[in-house]
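Peer 1: Sequence:
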Amino acid sequence: MIKKIQEFLKEKINGSKKTTYILIIGLAALLIILVGNIFSTPSQNELGQEVPRMKLETDAESAEVSSHESKTTSNIQELEINYKKQLEDMLEKINGVSEVEVMVNLDSTDVKVYEKNLIKGQQHTEENDKNGGTRQIEDNTEESQTVLIRQGDQETPILVQTKKPKVRGVFVVAKGVEKATVKQWVVEAVSRVLDVPTHRVSVMPKN
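Those letters in the sequence shown? Residues 1 to 207, by my numbering.
Because the hints were derived from the structure by calculation, they are not lab data. Small disclaimer: the values here were computed from a predicted structure and weren't measured. Glycine residues also receive a C-beta, built at the ideal position from the N, C-alpha and C atoms. Keep in mind that the hints are not guaranteed to be accurate.
Said to hold, decoys possible - Label pairs and their in silico Cβ distance ranges:
(1) M204 / Y114: 36 to 42 Å
(2) D195 / E115: 21 to 27 Å
(3) I94 / P157: 54 to 60 Å
(4) T198 / T146: 32 to 38 Å
(5) I158 / E126: 39 to 45 Å
As the list claims (entries may be wrong) - Straight-line C-alpha distance at most 25 Å; calculated BS3-like pairs for lysine-lysine:
(6) K206 / K130
(7) K164 / K112
(8) K116 / K166
(9) K85 / K175
(10) K179 / K116
(11) K179 / K206
(12) K130 / K175
(13) K163 / K85
Could you put together the complete structure from these sequences and hints?
Peer 2: Next up, the structure:
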């Protein structure tokens, strides 16, 4: 190919100088276009690798979020089952109550409270205006920081207390609660044990 181009150029060089200049300019422009395409066009492999990488990162993030939500839901369900069993055992011991079934709906898992340092700041500023007046500005700031202690190579927060989860509602089905007095006993027992308002406790007679 190169040899043919050289022969073609020799023939034209022997011709007029004007034709030679035109050919040289044309070939130079062609080379510039070819070189530009070589360096600017991404390879097919690069295009094929970029999208899967982004997709893998997105899938990993979604899986992590899904795993966290699943774990939280599982913990809540375990607590609800524990509350259910304890209530059923205790309510069965009330005089006139039998065949108790309980359903508990919790708002969250146990709430952990950690030790915190409270940092307060106060800044006083006095501004003078062009008319000779003054203005006092008080800026108060407050910030809390979790207290950490070092255990080996890790820093862990200091746990102060663990609060029981908030109860959304309780549903009780049992025999014997047809009587108003017995029903009142059940409602009061559930309300006091779980620290839930009585209007969130529903008690129904069992078939």
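Peer 1: For each hint given before, does the structure comply? Return the numbers of the non-compliant ones in rising order.
Peer 2: Of the numbered hints, 3, 6, 10, 12 do not hold.
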